[in-house]
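Student: Okay, here's what each chain looks like letter by letter:
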Amino acid sequence: MSEITLQDIIKPENLVYKKTSLMTNKALSYCPGCGHGTTHRLIMEVIEELGKENETIGVAPVGCSVLAYEFMNVDMQEAAHGRAPALATAIKRLWPGKVVFTYQGDGDLAAIGTAETIHACNRGEKIVIVFINNGIYGMTGGQMAPTTLPGMKTATSPYGRDVATMGNPLKMTELVATLPGTYYVTRQSVQTPAAVRKAKKAIKKAFQNQLDDKPGVSFIEVVSNCNSGWKMEPVQSNTWMEENMFPFYQIGDLKVDGKLIDR
Amino acid sequence: MGELKLMKGNEALAEAAIRAGVDGYFGYPITPQSEVIEYLMAEKPYERTGMVVLQAESEVASINMLYGGGGTGKKVMTSSSSPGISLMQEGLSYLAGAEIPCVVANVVRGGPGLGDIQPAQSDYFQSVKGGGHGDYRLIVLAPSSVQEMSDFVPLAFDLAFKYRTPALIISDGLIGQMMEKVELFDQIPRLTDEEVIKRHPWATNGKPVGGERRILTSLDLDPHKLESHNWHLQAKYKTIEENEVRFEMLHCEDAEYIIVAYGSSARIAQKSIQLAREKGIKVGLLRPITLWPFPKKPIDELTKRGIKGFLSVEMSAGQMIEDVKLVVEGRTKVEHFGRYGGVIHSPEQVLEALEQKIIGG
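As given, the protein sequences belong to chains H and Y, one line each in that order. Numbering-wise (the working numbering), the first sequence opens with residue 16 and increments by one. Numbering-wise (the working numbering), the second sequence opens with residue 67 and increments by one.
Be careful, since some hints might not be right.
[What the hints assert, rightly or not] Looking from chain H toward chain Y, a few residues come up when the C-beta cut is under 10 Å (computed): (1) Lys-67; (2) Thr-71; (3) Ile-72; (4) Ala-75; (5) Ala-95; (6) Gly-97; (7) Ala-103; (8) Ala-105; (9) Trp-110; (10) Glu-131; (11) Asn-137; (12) Arg-138.
[Said to hold, decoys possible] Across the chosen pairs, the derived CB separations fall in these ranges: (13) Pro-47/H - Ser-124/Y: 38 to 44 Å; (14) Gly-273/H - Pro-95/Y: 29 to 35 Å; (15) Ile-24/H - Lys-264/Y: 43 to 49 Å; (16) Trp-268/Y - Asn-29/H: 39 to 45 Å; (17) Gln-253/Y - Pro-165/H: 57 to 63 Å; (18) Lys-264/Y - Val-31/H: 38 to 44 Å; (19) Arg-278/H - Glu-104/Y: 39 to 45 Å; (20) Pro-47/H - Gln-253/Y: 55 to 61 Å; (21) Glu-278/Y - Pro-195/H: 37 to 43 Å; (22) Ala-179/H - Trp-268/Y: 48 to 54 Å.
[Stated by the list, open to error] 16 Å max Cα-Cα, derived EDC-like pairs, lysine to aspartate or glutamate: (23) Lys-337/Y - Glu-414/Y; (24) Lys-228/Y - Glu-310/Y; (25) Lys-113/H - Asp-259/Y; (26) Lys-273/Y - Glu-63/H; (27) Lys-67/H - Glu-278/Y; (28) Lys-219/H - Glu-68/H; (29) Lys-273/Y - Glu-68/H; (30) Lys-374/Y - Glu-395/Y; (31) Lys-113/H - Glu-260/Y; (32) Lys-391/Y - Asp-366/Y; (33) Lys-273/Y - Glu-85/H; (34) Lys-399/Y - Glu-421/Y; (35) Lys-370/Y - Glu-414/Y; (36) Lys-113/H - Glu-68/H; (37) Lys-370/Y - Glu-395/Y; (38) Lys-273/Y - Glu-70/H; (39) Lys-41/H - Glu-278/Y; (40) Lys-362/Y - Glu-308/Y.
These are computed hints drawn from the structure, not numbers from a lab. C-beta atoms are modelled at their ideal positions from N, C-alpha and C, and glycine is treated no differently.
Assemble the whole structure, with the sequences as input and the hints as a guide.
Tutor: Set out below in structure tokens:
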């Protein structure tokens with residue numbers, strides 16, 4: 016029997032996975048094991064599948080995903096910290112036929128950009144907001160975020176988050192779901208193939224809402240790990256996320272087609 | 067002859083925004099400029115031209131809406147007054163860094179802090195010396211009449227787009243609130259989406275089919291690349307300084323003394339000059355129209371001609387005087403006069419200051 020070579024395997028009929036052309040070839044700057052890269056890919060796959068690569072404008076945040084525009088192969092604007100929903104508001108208002116999304120972390124969306132987030136949601140801007148929540152400030156070296164769990168140790172809560180002095184974690188997704196301007200609000204994760212498939216479905220629904228001119232924001236929280244910031248191995252961080260983050264940040268839809276889901 | 071109307075400065079600015087073919091106005095109310103957004107909301111420009119008018123949640127949001135909207139190649143504008151403009155400084159730095167054109171109008175009031183709601187010119191430093199972080203400049207136009215509140219809107223947009231940089235129209239509560247006759251320019255049509263796409267290939271309005279994506283950012287983590295970007299910005303600012311200086315000279319031909327004043331102060335100084343000339347004092351007015359780029363050349367030429375002294379008249383504790391001194395370089399006397407904190411000097415007080423500080427001093 017002759018030996019099977021690599022060339023024998025690389026054939027169209029054997030193709031099981033293909034990188035979307037809407038991800039650039041630049042190596043991701045994220046730590047191995049982090050959920051950012053997967054979420055980037057899902058958004059770009061959805062835009063490709065919807066055939067909107069030439070009609071999409073994305074807004075990148077400040078935080079770990081500050082360089083999102085390096086990886087997402089669509090027109091992109093880099094916003095000041097927390098202001099992405101304000102940028103997206105104007106872009107969508109001036110180009111109502113285009114597809115507009117923001118990609119933001121918890122520090123960006125839930126701390127410094129709280130006002131922009133709430134008001135864009137409350138005005139019912141017809142945009143998609145993708146919110147990565149890993150409960151920590153990753154880029155600046157693992158400081159406490161508005162989403163940091165009670166008791167969780169970070170660089171600025173080295174003895175654990177004391178809610179009496181440091182305040183409580185903020186559930187932005189629950190908060191925006193109560194606003195009349197949000198049309199679709201969901202919380203997803205990307206730590207397992209099943210979760211990735213569900214998250215992609217949610218992202219697709221969000222963008223489809225925008226294409227269908229549905230009234231209001233489609234808001235997707237992706238609960239993610241931060242293995243570097245949490246000082247864990249990637250697999251260990253995913254387990255920790257499932258055991259600690261998910262009970263507090265419950266996965267699933269909060270609002271569908273403008274109606275709150277009974278949870 | 068265009069349409070003649072009696073209007074407040076703020077209303078003229080708002081009407082000019084519609085007529086200049088602005089695509090989007092994003093604002094937040096603050097005295098003494100709230101008439102701008104009130105006028106726009108009442109006028110329904112979305113019916114007249116298709117212009118978007120949106121009341122934002124803050125000045126921080128307004129300026130970032132300009133970043134988003136301006137970044138798509140559309141004509142976007144906001145207006146505010148001093149405390150609100152302070153809030154916009156972060157955004158202006160990002161806009162300058164990412165080279166996004168837009169127009170911001172500041173109807174200045176007394177400061178610092180919450181200050182008051184009376185006219186002032188104490189935002190000169192903030193306007194011409196940077197304001198936000200980093201090495202950047204804004205093109206700064208200073209109207210001194212309701213007419214110029216209107217005329218400078220299309221001019222500011224022309225300059226903003228020509229150089230891909232934010233332009234600032236700086237007036238004050240006096241010009242914003244006073245009513246004057248204004249000749250309105252004819253409607254300039256808004257560009258169609260296709261024209262915007264064709265005219266501004268740098269703008270992020272959807273990746274061209276078969277083309278490269280566009281990125282608008284002020285970030286570059288490589289210091290050498292960021293330095294190169296800064297060199298590019300500085301070269302652009304040099305071109306602006308060489309080509310876009312605007313000023314007006316009045317009674318300077320035989321003048322022995324010069325009052326340097328812009329905006330409301332220039333209007334007041336005109337009366338002071340009349341009073342002075344009635345007393346036989348030969349004084350002229352140099353009115354900077356662009357505060358940046360600053361009219362250095364005429365001041366230098368006047369200094370070389372042997373002007374006996376410059377009086378910088380500003381409703382501030384003395385800000386523009388620093389730029390006058392930088393040109394004069396000690397060759398002749400330069401003094402400041404001005405009331406501030408919302409107090410407006412009278413023509414007589416200006417004349418008295420000229421006599422005491424320059425002629426008699």
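Student: Now look at each hint and say whether the structure bears it out.
Tutor: Verification of the supplied hints:
1. Lys-67: Status holds, d = 9 Å.
2. Thr-71: Where the cut-off is 10 Å and the nearest Cβ of chain Y is about 7 Å from Thr-71/H, the hint holds.
3. Ile-72: Since chain Y brings a Cβ to about 5 Å from Ile-72/H, closer than 10 Å, the hint holds.
4. Ala-75: holds, 8 Å
5. Ala-95: holds, 5 Å
6. Gly-97: Result: holds, 9 Å to nearest chain Y Cβ.
7. Ala-103: For Ala-103/H, the interface hint holds, since the closest Cβ of chain Y sits about 6 Å away, which is under 10 Å.
8. Ala-105: This hint holds: Ala-105/H lies near chain Y, its Cβ roughly 3 Å from the closest one there, short of 10 Å.
9. Trp-110: holds, 6 Å
10. Glu-131: Because about 6 Å separates Glu-131/H from the closest Cβ in chain Y, which is inside the 10 Å limit, the hint holds.
11. Asn-137: Since the shortest Cβ distance to chain Y is 9 Å, the answer is holds.
12. Arg-138: Holds: closest Cβ of chain Y sits about 8 Å from Arg-138/H, inside 10 Å.
13. Pro-47/H - Ser-124/Y: 38 to 44 Å: Between Pro-47/H and Ser-124/Y, where Cβ atoms are some 39 Å apart, the hint holds.
14. Gly-273/H - Pro-95/Y: 29 to 35 Å: With a Cβ separation near 30 Å, Gly-273/H and Pro-95/Y satisfy 29 to 35 Å, so the hint holds.
15. Ile-24/H - Lys-264/Y: 43 to 49 Å: Since Ile-24/H and Lys-264/Y have Cβ atoms about 47 Å apart, the given range 43 to 49 Å holds.
16. Trp-268/Y - Asn-29/H: 39 to 45 Å: holds, 42 Å
17. Gln-253/Y - Pro-165/H: 57 to 63 Å: At roughly 59 Å between Cβ atoms, Pro-165/H and Gln-253/Y fall inside 57 to 63 Å, so the hint holds.
18. Lys-264/Y - Val-31/H: 38 to 44 Å: Between Lys-264/Y and Val-31/H, where Cβ atoms are some 42 Å apart, the hint holds.
19. Arg-278/H - Glu-104/Y: 39 to 45 Å: 43 Å Cβ-Cβ, so the 39 to 45 Å window holds.
20. Pro-47/H - Gln-253/Y: 55 to 61 Å: holds, 58 Å
21. Glu-278/Y - Pro-195/H: 37 to 43 Å: holds, 40 Å
22. Ala-179/H - Trp-268/Y: 48 to 54 Å: Holds, since Ala-179/H and Trp-268/Y (Cβ atoms, about 51 Å apart) stay within the stated range.
23. Lys-337/Y - Glu-414/Y: holds, 8 Å
24. Lys-228/Y - Glu-310/Y: holds, 11 Å
25. Lys-113/H - Asp-259/Y: holds, 11 Å
26. Lys-273/Y - Glu-63/H: Holds. Lys-273/Y to Glu-63/H sits at ~13 Å (cutoff 16 Å).
27. Lys-67/H - Glu-278/Y: holds, 15 Å
28. Lys-219/H - Glu-68/H: holds, 14 Å
29. Lys-273/Y - Glu-68/H: Given pair Lys-273/Y, Glu-68/H holds - Cα atoms ~7 Å apart, limit 16 Å.
30. Lys-374/Y - Glu-395/Y: With Cα atoms ~14 Å apart, Lys-374/Y and Glu-395/Y stay inside 16 Å; holds.
31. Lys-113/H - Glu-260/Y: holds, 13 Å
32. Lys-391/Y - Asp-366/Y: Holds, at about 10 Å.
33. Lys-273/Y - Glu-85/H: holds, 14 Å
34. Lys-399/Y - Glu-421/Y: Holds. Lys-399/Y to Glu-421/Y sits at ~13 Å (cutoff 16 Å).
35. Lys-370/Y - Glu-414/Y: Answer violated: Lys-370/Y to Glu-414/Y is near 29 Å, above 16 Å.
36. Lys-113/H - Glu-68/H: holds, 10 Å
37. Lys-370/Y - Glu-395/Y: Cα-Cα ~11 Å, so holds.
38. Lys-273/Y - Glu-70/H: Roughly 7 Å separates the two Cα atoms, so the pair holds.
39. Lys-41/H - Glu-278/Y: holds, 15 Å
40. Lys-362/Y - Glu-308/Y: The given pair, whose Cα atoms are some 11 Å apart, holds under the 16 Å limit.
Of the numbered hints given earlier, the model fails hint 35 alone.
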